[in-house]
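Visitor: Sequence:
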Amino acid sequence: MKKTLLFILFCISQSFYSQADCSTALAVCGNSSITYSPTGIGLVNESLGGCLITGEHNSIWYKLTIATSGTLTFDLVPTNSDADYDWAIYGPNAVCGSLGSPIRCNAATVIGVGASTGLDMTSTIISAAGGSTTPYCQYMDVVAGQTYYLYIDNWVGAGGSTTAPFSLTWGGTATLASPFTNPALQPNPFVPPGIPAANPNDPREILICTSPALFDFSTLTAGILNGNPNFSISYHTSQNDALSGTSPITAPLVVNTTTTYYYSIHYQDPANPNNALNSCRQIGAFKFKLGNITANDVTIYACNNNKKGQGIFNLVGANVFTGSNVTITYYPTLANLNAGTGQIANPSQYLSAEGTVYAHVQTTDGCSDNAVITLLFYPEVVVNDATLRACTFDFNLKTASFDLTNAVVTAQSGITKKYYPSLTDATNGTNIISNFTTYISPNAVVYVKVIDGNGCYGIAKINLEVIPPVYSQTLKDKTICIEDRTTLDAGAGFDGYEWSTGATTQIISDVGVGTYWVRLKTGDCIAQQSVKVHSSEQPVITSVDISNTTVTVNVNGGTAPYQYSMDSIAWQNSNVFTNVKRGDHKIYVKDAYDCEPIEIGIVVPNLVNVITPNGDGINDIIDYSALANKQNLIFNVFDRYGNKIFQADKMNNYKWDGTAANKKVPTGNYWYSVSWNENDKKGTPIKYSGWVLVKNRE
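First residue of the sequence shown? That's 2 in the numbering used here, and the numbers climb one at a time after it.
Because the hints were derived from the structure by calculation, they are not lab data.
Between beta-carbon pairs, the in silico distance windows are:
{"#": "1", "residue 1": "Ala199", "residue 2": "Asn275", "range": "37 to 47 Å"}
{"#": "2", "residue 1": "Trp518", "residue 2": "Arg390", "range": "21 to 31 Å"}
{"#": "3", "residue 1": "Thr488", "residue 2": "Asn654", "range": "57 to 67 Å"}
{"#": "4", "residue 1": "Trp672", "residue 2": "Thr613", "range": "17 to 27 Å"}
{"#": "5", "residue 1": "Ser133", "residue 2": "Asn273", "range": "34 to 44 Å"}
{"#": "6", "residue 1": "Asn654", "residue 2": "Ser531", "range": "53 to 63 Å"}
{"#": "7", "residue 1": "Asp83", "residue 2": "Thr259", "range": "29 to 39 Å"}
{"#": "8", "residue 1": "Val383", "residue 2": "Asp478", "range": "49 to 59 Å"}
{"#": "9", "residue 1": "Trp518", "residue 2": "Val383", "range": "43 to 53 Å"}
Keep in mind that this is a model prediction, so the values were computed, not measured.
Virtual Cβ for every residue (Gly too), placed ideally from N, Cα, C.
Put together the whole structure using the sequences plus the hints.
Guide: Here it is as structure tokens:
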């Protein structure tokens, strides 16, 4: 396909060039169509012979070599209705200067629409003189290897400037030789240089970075030839030079974007310098197009997170060039860019302070431009530290529940907050606090990352302070008599009171024994404090000692000092009562709380100081059987040495008759004691002691 395109370019281009003489005839290479507009004659007004008797007017010579034998026809069609084309064919293997008579010749006068001429398969004539109305001659039988010359002349406007283009199309079964259609000679397609123009009819375009620019045409050769051997290329500033191979460009040339330039592909038979195919050329046109680019200076932004002074900039995202097929490299300084050193290796994550870097933008054609990238920080996320205070959640653990969202750390809008237990976590985004509205903590510090719409952030510290409970120093436990009532005072200075009784006053009255609580409000915090009203401990009469008429009361418990009474009217501080009459009595005791006194009943027994156990029925025995109803009643007798000589109990009915071991004791003084427990709730122990004189007359 590319071979065809190149050849078509060659054929079309002939319309802009003058004719050739026989000796410089243009080679017809292959059966491709030809379009041409001859003007004037060549250097020589050659002798033509045959039907062409008036000489050359606007002529062109072609040389064709037969590749395969067969029939040969052609159609020559003027594109101007005023054209009158004549033609002649010489050969086979004729020599310029001695061509001889043409083997086909036609000078018919056919003007107007459809004034075509040539060879066809139906005509039987081989020549038509001027004035003839038969424009076609008989086809030719040709043999491979034969060479022929075709002369074409436009009789119209001899010596004038009027052009009359024609198109020539080959037909028949024979083929014309061409190195460009022989795969043995051209195994690879030629590749035209540059890129197609916007209008496909215009020459292809090669990009240059400046215009005018010094260009080395030889740099195009290898790409065009595409590895085909025995072909060479020359470059020219005119189509005529390209067709004839004259005036080639041999050194780098200053080119521009307005001139059309040409390349001419030329075959050279390495074994036969006289090969007719050596004169075959295939040409193409191209122009230069300004391919310079303009890089854009841009400003990009990054976050100066937490005032670090450096941000991560995405240089790749900087719109320094809007096109494609470019390579962009980045450098920290212009000197680095110019020297090609210090290229930034990580342009998508370039860590830098505010400043400038430089981008070098280069196309695949080698055009380039530089851009300045200004590095700026986004507006700072302004944060401030804050303090949150919360009431005690757990007094023992000294913790509180904090709503971290209540910390006012910024006045900016459109931000997102995330909370972390440490500065490291906040910086790295790890261990995020999920329960930030109910965060349980003692006195501590947490951190909040404040993120704006650009993804930038600042980190603020939140101080967490646990407000300890405030308790009343006035409110104390009380002790009262169980039957009494009292008041409880929570003390002044609190913002509110709520008692377990339902009262909301500082002081509550008429309170009996029990446990109470009060909620004390200080600011937004409430501390619940308990208070107990105890009943006073009643004193206990632990024992009573009775000696003759003296009663000693022993007391324990309650709160000293105690008071004693035997009638609950007259009270004394002493626990000893004297001159107590024989018989039953009440003893009353109360402690310092002056509560209802406790009481017990006692018996002061009759005192027997002398017995004369002689059987006369008078003072024969000591008898305490009257106390037999007492608990644990014991009656013991001791000699003067403290030896127990007798014990009265139920067996002897709590009586002693002055004997010991069934013998009468000697006359003398003996001691005795009687003890029991009163029949009260506490079983108060009573001890009665005395002495007795025993007179035994035996």
